[in-house]
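Peer 1: Sequence:
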Amino acid sequence: MASTLLRVAGEGTLLRSLVPCVNVIPVRFRVRRKMPKKRNNPFVQRRTDFIKKLVLALVQHERVQTTDWKAQQLKKYAELLVMLSLRRRPPPDLDLIEDGFVLTEEESEQRRLTRRIINRRSKKVILPVPELSEEEYVQRCKEEASNMLLGNEEALEKLYTTLKERYQERYGNFVTVQTIPNPPHSPYPNMAYVELVGNPLPPLPRLPVVQGGNWVIYNRDDYEDDNKTVVKNFFKWMERRKEIKVQKQGKEHKQV
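For the record, in the sequence shown the residue sitting at position 197 is 197 according to the UniProt record's numbering, with numbers rising by one throughout.
Honestly, the hints are just simulated from the structure, not real lab data. The structure presented is a predicted model; accordingly, all values stated were derived computationally and were not measured. Just so you know, even glycine gets a beta-carbon here, dropped at the ideal spot from N, CA and C. It is possible that part of the hints are untrue.
Per label pair, the in silico range of CB-to-CB distance [stated by the list, open to error]:
(1) Lys236 with Arg166: 51 to 57 Å
(2) Pro189 with Glu239: 45 to 51 Å
(3) Arg115 with Gln139: 29 to 35 Å
(4) Arg166 with Pro205: 20 to 26 Å
(5) Asn40 with Glu169: 38 to 44 Å
(6) Asp49 with Pro203: 15 to 21 Å
(7) Arg120 with Gly151: 45 to 51 Å
(8) Gln45 with Arg115: 24 to 30 Å
(9) Gln45 with Asn182: 49 to 55 Å
Make the full structure from the sequences, and use the hints.
Peer 2: Right under this line is the structure:
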């Protein structure tokens, strides 16, 4: 009975039978659905140790080549790593670092989020950052630096001896990134060199220049000069070819 009434009401015949002078056209309104919230996949690891391996390679070799996007991340991690070896009090804030990874402000607050009973009600409270003494802060910095370097003792020793002495009187800008020119619409990714400032390695060679959508080995002025010499040699070769052709024609006329 209920299903029949619903079907009749949906078709509009019930209201048409009650009020015959009114023409009723059933309209189906569009249902607005809520967009699903973005959720993290629990089966996919959000952060991997690849960035830590790049940091370890940079400390060991002091120059690495990687993609442009990874180079920017590597610079942030390497700058933080050197700061951890130099500083004896914040910044950097250790609550933004977990297991060698840099956290966002939301993730840091989520770590310090807890529930407490306030006025007989359970409420979410963000705990304040605990204050550390100088010795405790230095020890925590060393632990986080070891996590960034995957526990490599040789790299950690180099960080706290060679690199610490090199950057003792420097504040920031310990790492430089030099992008490698890449033509637009290239099938290859954008690459870059990442190196520590003041390293004993030989300087990088002169990188190619992108001109007209192609790689050019020389600088722009050298490239233009080289083009001029090529054009001159081409015209000389054409004139010499004409002279040889005229000489051959003269010899054929003499033989006839």
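Peer 1: Is it true that Pro189 and Glu239 lie within 45 to 51 Å of each other by Cβ?
Peer 2: Taking Cβ atoms as reference, Pro189 and Glu239 lie about 47 Å apart, which means the hint holds.
Peer 1: Is the gap between the beta carbons of Asn40 and Glu169 within 38 to 44 Å?
Peer 2: holds (43 Å)
Peer 1: Could one say that the CB atoms of Gln45 and Asn182 fall in the range 49 to 55 Å?
Peer 2: violated (30 Å)
Peer 1: Indicate whether the distance between the beta carbons of Arg166 and Pro205 respects the range 20 to 26 Å.
Peer 2: holds (24 Å)
Peer 1: With respect to the beta-carbon atoms only, verify the hint that Lys236 and Arg166 lie 51 to 57 Å apart.
Peer 2: Given a distance of about 56 Å, which is inside 51 to 57 Å, the answer is holds.
Peer 1: Do Gln45 and Arg115 keep their Cβ atoms within the hinted range of 24 to 30 Å?
Peer 2: Roughly 28 Å apart at Cβ, these two residues keep to the hinted range, so it holds.
Peer 1: Tell me if the beta carbons of Arg120 and Gly151 are separated by a distance inside 45 to 51 Å.
Peer 2: holds (47 Å)
Peer 1: Hint says 29 to 35 Å; check whether the CB-CB distance for Arg115 and Gln139 agrees.
Peer 2: holds (30 Å)
Peer 1: Is the hinted range of 15 to 21 Å satisfied by the C-beta distance from Asp49 to Pro203?
Peer 2: Roughly 31 Å apart at Cβ, these two residues miss the hinted range, so it is violated.
Hint compliance for this structure: hints 6 and 9 are broken, all remaining hints hold.
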